[in-house]
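My request is simple: use the sequences and hints to build the entire structure.
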Amino acid sequence: MAIEEQNKKNKFIDPDLEKREILSPDGEIIKIDPMKDYFCDAKPKVHEPANKVIEKFLNWSRANSLWVLAFGTGCGSIEIPSLMTSRFDANRFGVQMRPTPRQSSVFIISGYLAVKTLKRVIRSYEQMQEPRYVVALGSCTVNGGMYYDSYNTINRLDYYIPVDVYVAGCMPRPEAMLAGFNKLKERIKAGRAEGANEYAEKFDWYKANQKKIIKDWNMPDYNW
Amino acid sequence: MEQILQDIGKQFKITDIVKKRDNLNFITCEKEQTISLITYLRDIKGFSHFVLLSVVDWIEDGVFQLVYFLNNPDKKIDIGIRTMISRENATMTSAHHLWEQIATYQRELKEMYGIDFPGSPRVDESFILEGWDDIPPMRREFDTKKYSEENFFPREGRETNDPEEYMKKKLYPDEEK
Chain E
21 MAIEEQNKKN
31 KFIDPDLEKR
41 EILSPDGEII
51 KIDPMKDYFC
61 DAKPKVHEPA
71 NKVIEKFLNW
81 SRANSLWVLA
91 FGTGCGSIEI
101 PSLMTSRFDA
111 NRFGVQMRPT
121 PRQSSVFIIS
131 GYLAVKTLKR
141 VIRSYEQMQE
151 PRYVVALGSC
161 TVNGGMYYDS
171 YNTINRLDYY
181 IPVDVYVAGC
191 MPRPEAMLAG
201 FNKLKERIKA
211 GRAEGANEYA
221 EKFDWYKANQ
231 KKIIKDWNMP
241 DYNW
Chain Z
7 MEQILQDIGK
17 QFKITDIVKK
27 RDNLNFITCE
37 KEQTISLITY
47 LRDIKGFSHF
57 VLLSVVDWIE
67 DGVFQLVYFL
77 NNPDKKIDIG
87 IRTMISRENA
97 TMTSAHHLWE
107 QIATYQRELK
117 EMYGIDFPGS
127 PRVDESFILE
137 GWDDIPPMRR
147 EFDTKKYSEE
157 NFFPREGRET
167 NDPEEYMKKK
177 LYPDEEK
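Going down the list, the sequences are from chains E and Z. With the working numbering applied, the first sequence has no gaps in its numbers, which climb one by one up to 244 at the end. With the working numbering applied, the second sequence has no gaps in its numbers, which climb one by one up to 183 at the end.
Take these hints with a grain of salt, some might be off.
Simulated pairs of lysine-lysine, DSSO-like, Cα-Cα distance not exceeding 27 Å [unchecked claim]:
1. E:K56 with E:K232
2. E:K136 with Z:K152
3. E:K227 with Z:K152
4. E:K232 with Z:K151
5. Z:K151 with E:K227
6. Z:K16 with Z:K37
7. E:K235 with Z:K26
8. E:K39 with E:K139
9. E:K232 with E:K139
10. Z:K151 with E:K231
11. Z:K16 with Z:K26
12. Z:K25 with Z:K37
13. Z:K81 with Z:K16
14. Z:K26 with Z:K82
15. Z:K151 with E:K235
16. E:K227 with E:K136
17. Z:K152 with E:K232
18. E:K65 with E:K227
19. E:K203 with E:K39
20. Z:K151 with E:K139
21. E:K139 with Z:K152
22. E:K231 with Z:K152
23. Z:K151 with E:K136
24. E:K56 with E:K231
Over the 10 Å line for every Cβ pair with chain Z, so calculated as not near, a few chain E residues [stated by the list, open to error]:
25. C60
26. T120
27. L198
28. A199
29. D224
30. K227
The hints are simulated quantities; they were obtained by calculation from the structure and are not laboratory data. Here the structure is a predicted model, which is why all the values come from computation and not from measurement. Every residue gets a Cβ at the ideal spot worked out from N, C-alpha and C, and that includes glycine.
In structure tokens form, the structure reads like this:
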């Protein structure tokens, strides 16, 4: 009986999102509701470039320093260590890994995405600074690949977050990934990598698709 | 091994013994006696290592076959204890008090097959599938392709070939079917 009660108590609630009282630095006790206080509830906005000449320069500089979020979602994440180390050395191309979403501008979706992972991916993607780009690896992100009939992996990534470059293969080798990065650079320089704006424009559609498959949505609607 | 099987036969009702190798046997016993048989093997016969708990879905017979796999590290022998439980309202006595890690297996079986283990720690929490609201996905009546097509926006233009037909056509194009 004791264990059954414990089971009820243990029902998973994210402890970071619970209402609680905390001691402020002034010694005052304040009540906080993280779902309201820690997250902005405004929808994302489309950012139009102020000046086209300056935007062109900005795009050039963005393209030459791609900071990648170190988030491996599937089998393809095993290619990333060899991509970054001496043999392929993506640092030559201005690509480097960053540990947190706030510092990075490129999100590599490396392979199949389970619904559980997609939830974390959306959360990380929304926390990234704009402009942000998505590189999708492998056939799993294109049409589901060999997991097309799985009950737990998504088929098309572009229904959930906007994708800039697909690198086909199962899995793509590091050379293919380097080619993908060069393609992404071309797109950014040409001003065509507008994933963040696209996300803001079609926000309701993306949100509806996401909520269709993530059935226990126990995080804020907007994660920035 | 022979001696152990004889000893088990004296105390428990064993319906079937399958000998795979000299050091690997599978025995089938009744649902009610399973936990006491495992306890007996662990405490008296030295099967101190719990390897895995698995399940087979025999949808034609309407039963789940649970397999508790034990290992005796001193004598280097393995034994699998099979037990049949009904698919309708599948419930089994929990064995988490014998080895702690069984609780995790039971949690997974609850989620993937819908087999309940009352009293097992955290058995009702979601394990891998968060917020699953369909029938448990590893049950054989669950149509995973249909579920995927309904939920995950399949992309147009996907082709599949029957491997046998395709290779026949490719390797022996002159041969008639």
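Right, here's what the structure says about each hint:
no., hint, in the structure
1, E:K56 with E:K232, "holds, 23 Å"
2, E:K136 with Z:K152, "holds, 20 Å"
3, E:K227 with Z:K152, "holds, 23 Å"
4, E:K232 with Z:K151, "holds, 17 Å"
5, Z:K151 with E:K227, "holds, 24 Å"
6, Z:K16 with Z:K37, "holds, 17 Å"
7, E:K235 with Z:K26, "violated, 45 Å"
8, E:K39 with E:K139, "holds, 22 Å"
9, E:K232 with E:K139, "holds, 12 Å"
10, Z:K151 with E:K231, "holds, 20 Å"
11, Z:K16 with Z:K26, "holds, 22 Å"
12, Z:K25 with Z:K37, "holds, 21 Å"
13, Z:K81 with Z:K16, "holds, 21 Å"
14, Z:K26 with Z:K82, "holds, 15 Å"
15, Z:K151 with E:K235, "holds, 19 Å"
16, E:K227 with E:K136, "holds, 16 Å"
17, Z:K152 with E:K232, "holds, 16 Å"
18, E:K65 with E:K227, "holds, 15 Å"
19, E:K203 with E:K39, "violated, 46 Å"
20, Z:K151 with E:K139, "holds, 22 Å"
21, E:K139 with Z:K152, "holds, 22 Å"
22, E:K231 with Z:K152, "holds, 19 Å"
23, Z:K151 with E:K136, "holds, 19 Å"
24, E:K56 with E:K231, "holds, 20 Å"
25, C60, "holds, 25 Å"
26, T120, "holds, 23 Å"
27, L198, "holds, 26 Å"
28, A199, "holds, 23 Å"
29, D224, "holds, 16 Å"
30, K227, "holds, 15 Å"
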